[in-house]
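A.B. asks: Take these sequences, add in the hints, and give me the full structure.
For reference, the chains in residue letters:
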Amino acid sequence: MTTTPWVCRNCLSRIAWPSIRRIRTSIRFQSTGSVVESVPPALLARARNIALEHKQLTDQLADGFDTRAAKKAGEYSSIVNALKEWDKASESVTELSSLIHDSDAELRELAAEDLDATREQLQNASQSLVTSLVPIHPFAHLPCLLEIRPGAGGSEAAIFAGDLLSMYQAFCNRSGFRFTLLKYENVNGTQEAGVPLSEAILEVDQENAYGVFRCEAGIHRVQRVPVTETKGRTHTSAASVHVLPSLQENSAQNEDFDDPESDYYIDQKEVRLEVMRAGGAGGQHVNKTESAVRLTHIPSNIVVSMQDSRSQPKNKEMAWTLLRSRIAQLRREKREEEMVAMRRSVVGVAKMGRGDKVRTYNYGQQRVTDHRSGTTVHDLDDVMEGGPTLEKIMESVRGWLMEQDVAAMIFEGDTKKR
Amino acid sequence: MPRLPPSILRRAHAIDRFLPPLLGPCRNLRAAQNELRWLREHVDKVAKARHAKGDTISKGSLLGDLVRQRARGKPLQYILGTEYFGDLEIRCRPGVLIPRQDTAASITHLVHLIHAAPDLPSELRLLDLCTGTGCIPLLFRHELFASRPSISLRALGVDVSYTALKLASHNFQRMRKLHPASFNDPKAIEFIKADVLINPFSDYDGGSSIKAALNYHRASFWDILVSNPPYVSSEAYRMTTERSVRLFEPKLALVPPNMDGDGNIAVEREDTFYKPLLTIARDVEAKIVLLEVSDVHQALRVARVARALGIFDGVEIWRDQPGVSEETPSSPIDDIPIIGAGNARSVLCWRGKGAQWLGKHAVSLTPPTPAYHAER
Chain H
1 MTTTPWVCRN CLSRIAWPSI RRIRTSIRFQ STGSVVESVP PALLARARNI
51 ALEHKQLTDQ LADGFDTRAA KKAGEYSSIV NALKEWDKAS ESVTELSSLI
101 HDSDAELREL AAEDLDATRE QLQNASQSLV TSLVPIHPFA HLPCLLEIRP
151 GAGGSEAAIF AGDLLSMYQA FCNRSGFRFT LLKYENVNGT QEAGVPLSEA
201 ILEVDQENAY GVFRCEAGIH RVQRVPVTET KGRTHTSAAS VHVLPSLQEN
251 SAQNEDFDDP ESDYYIDQKE VRLEVMRAGG AGGQHVNKTE SAVRLTHIPS
301 NIVVSMQDSR SQPKNKEMAW TLLRSRIAQL RREKREEEMV AMRRSVVGVA
351 KMGRGDKVRT YNYGQQRVTD HRSGTTVHDL DDVMEGGPTL EKIMESVRGW
401 LMEQDVAAMI FEGDTKKR
Chain C
1 MPRLPPSILR RAHAIDRFLP PLLGPCRNLR AAQNELRWLR EHVDKVAKAR
51 HAKGDTISKG SLLGDLVRQR ARGKPLQYIL GTEYFGDLEI RCRPGVLIPR
101 QDTAASITHL VHLIHAAPDL PSELRLLDLC TGTGCIPLLF RHELFASRPS
151 ISLRALGVDV SYTALKLASH NFQRMRKLHP ASFNDPKAIE FIKADVLINP
201 FSDYDGGSSI KAALNYHRAS FWDILVSNPP YVSSEAYRMT TERSVRLFEP
251 KLALVPPNMD GDGNIAVERE DTFYKPLLTI ARDVEAKIVL LEVSDVHQAL
301 RVARVARALG IFDGVEIWRD QPGVSEETPS SPIDDIPIIG AGNARSVLCW
351 RGKGAQWLGK HAVSLTPPTP AYHAER
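Going down the list, the sequences are from chains H and C.
Note that our numbering numbers the first sequence so that position 89 is 89, with each residue one more than the last.
Note that our numbering numbers the second sequence so that position 175 is 175, with each residue one more than the last.
Hints were generated in silico from the structure; no laboratory data involved.
Please note that a few of the clues may not be correct.
Derived DEER-like restraints, expressed as beta-carbon distance ranges [unchecked claim]:
#1 72(C) - 325(H): 39 to 47 Å
#2 273(H) - 169(C): 54 to 62 Å
#3 336(H) - 123(C): 49 to 57 Å
Some chain C residues close to chain H (C-beta under 7 Å, calculated; not the full set) [as the list claims (entries may be wrong)]:
#4 31
#5 81
#6 84
#7 102
#8 173
#9 241
#10 242
#11 245
#12 336
#13 343
By construction, the Cβ of each residue, glycine as well, lies at the ideal position given by its N, Cα and C atoms.
C.D. replies: If you want it as structure tokens, here you go:
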């Protein structure tokens, strides 16, 4: 007689399950809170144009390899794939919609069953198409700097700025962002904590940080009874948050001078080299000690002359180093100017009042409202502790930003058409 | 020489009291300031070295002394004891010609041309006649090692002066200490005494001819012959040569002697050396010959002599900066191309494999490839 060992029913049924549990990953790039129902026609036209261009590029690549074309084709391929998916889904939706009016009851039932699933597919396809079309912010991958300063509202604003700082610090701690406090200054001009804040700069030293915190830039308004208030009146004050992408300064050391993308790259043909020559006969006739070297970068008209060393090659080398760093500095300054322009577009310097707020923290109602995405949450304490509620608000704003980008792109497309 | 305006002297004095005397040889404020800085650095170095020995010197009086010497026209290189020749700091002493930047530019360009040649022999042989401080073989080896370490350079420097030979050997030993990587072989560069102008077949026995010396050293064949011979005519020596050069640098290295090796009075005295040099080049079967000259007229004369010899496949003239192309390239004179910017400085001749080493064959043999893909 064979003895069967007793096996628990739960364990027995577990055997039938797949050994590796499916991990449900839900990666959402530039995800939106709102669902894109249909793809705007301008965006669709753009996608079709891109698909056409992609086809031309692949034809061209079939004939011969071209690095630039290959790169472009690679960039477009995600859009083209998304468009294909969308086409397929929308086609089947139209097909099923026509079937739903069919006279055959059984067929109608089947179509109705399928239609829901296909609609969902279409929705997903639209979503991914829009996401692939919306350009990723050029600085999204960079670490960022958060600058917090009190706005209108006197010392109450300064206290609130301090609250905001601790909110972001808590948020970083909770979501695992590395950060360093680059600057902390209270209203007394010291670094003592607990006193109302005058300025704080927080560096979030992690990739993609700018993409995450970009939505935080703007005026944050607070409505509460300040601790300094004796008569129990509610005050409204504001603090400003600036978010800047942080471009690593010290990356200069490991720059590759021959890489045309590098700030330090200089085309040799664009530089005129002049060395001090003995006048007259030269050669054995003269014995000069001049070893000066002068480099002129023709496009930018930067002139570097070097005469410190008695060795001309050494002077030349030093002059090149100097010229490289000057040109890199120029390029960096230009980029920073662009960044300043961008920053102004986010928060106008003049718009530091209570009116142009992006978010309101209302302590009386325990409410936080973001005015851009229109999201309201009622767990103010969790927000101020940098909890999941803050994450929720930030995500809604990121979605709003993306919608803005899409709208801008559609607008651009419309104006181009006219 | 025009007088220095008093205003510049006043300005110089306002900056530093040592500057006005330096303006004499330097002629402009910027150069004088540079020289004063270098002199100061030198004085600091000397004082430090003395201090290490337990000796002390007055920096101020030493600097004043050096400035006075310089004001009298003594070349700064003799005062400081060194001159940069390319990347190398070559030691200079009175009695030996100070290396010139133009020579370094030619040598660097020559190495730059041949370093990528595919069929260079693993031991390249360089003969430098009238070597002086030995700067040419030293720089040649240093540059070749930097661009192509697999090829070793064996060089022989020849000079007629014992002072020069002693300094050249000293420089080689110094380089072995300063750049042990590129001068690893103690036998790589040798210096011997011989006289270029002595005809090996004449019965004059005051010194050894090149041929005899090479035979003695069992080194009769050389790939490259380089020379910076005396090439200043006695007239130019009086008129164009700088006072400081005339007063302090050896005339032996600048002006060729009156007679050539056979005792004939040379017609063009400044060209005395070139014919013997080209003859030696023929005898040692040099594939590349680079000779420094004074100006474009002498360059053309030398080039014509080289061509008349009938052994070279090509001749060209290099200017002070052979690597720099002028905006308006000068047209060849007598079919002799002139390359670079500045004054005509050297004559380059090549034959046989030398053409390939210099990359000359690519121009003459292969026609330019037609641009088939131009339409794309």
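A.B. asks: Does each hint hold? Answer for all of them.
C.D. replies: Hints and how they fare:
A beta carbon spacing of about 42 Å between residue 72(C) and residue 325(H) agrees with the range 39 to 47 Å that was offered as a hint. Take residue 273(H) and residue 169(C): their Cβ atoms lie about 35 Å apart, and the range 54 to 62 Å is violated. For residue 336(H) and residue 123(C), the hinted distance range of 49 to 57 Å is satisfied, since their beta carbons lie about 56 Å from each other. Taking 7 Å as the C-beta contact cut-off toward chain H, the hint placing residue 31(C) at the interface holds, the least distance being around 6 Å.
For the restraint placing residue 81(C) at the interface with chain H, the shortest Cβ-Cβ distance is roughly 12 Å, beyond the 7 Å limit, so the hint is violated. For residue 84(C), the shortest C-beta to C-beta distance to chain H is roughly 4 Å, which falls under 7 Å, so the interface hint holds. With 7 Å as the threshold, the beta carbon of residue 102(C) comes within range of chain H, its nearest partner Cβ sitting at about 6 Å, so the hint holds. This hint is violated: residue 173(C) has a C-beta 21 Å from the nearest C-beta of chain H, more than the 7 Å allowed.
Evaluation of the residue 241(C) hint against chain H yields a held restraint, the C-beta minimum of about 5 Å falling below 7 Å. A distance limit of 7 Å between C-beta atoms decides the matter here; for residue 242(C) the minimum to chain H is near 5 Å, and the interface restraint holds. Given hint, residue 245(C) at the interface with chain H, holds; its Cβ is 5 Å from that chain's nearest Cβ, closer than 7 Å. A distance limit of 7 Å between C-beta atoms decides the matter here; for residue 336(C) the minimum to chain H is near 19 Å, and the interface restraint is violated.
Taking 7 Å as the C-beta contact cut-off toward chain H, the hint placing residue 343(C) at the interface holds, the least distance being around 5 Å.
Hint violations for this structure: numbers 2, 5, 8 and 12, all remaining hints satisfied.
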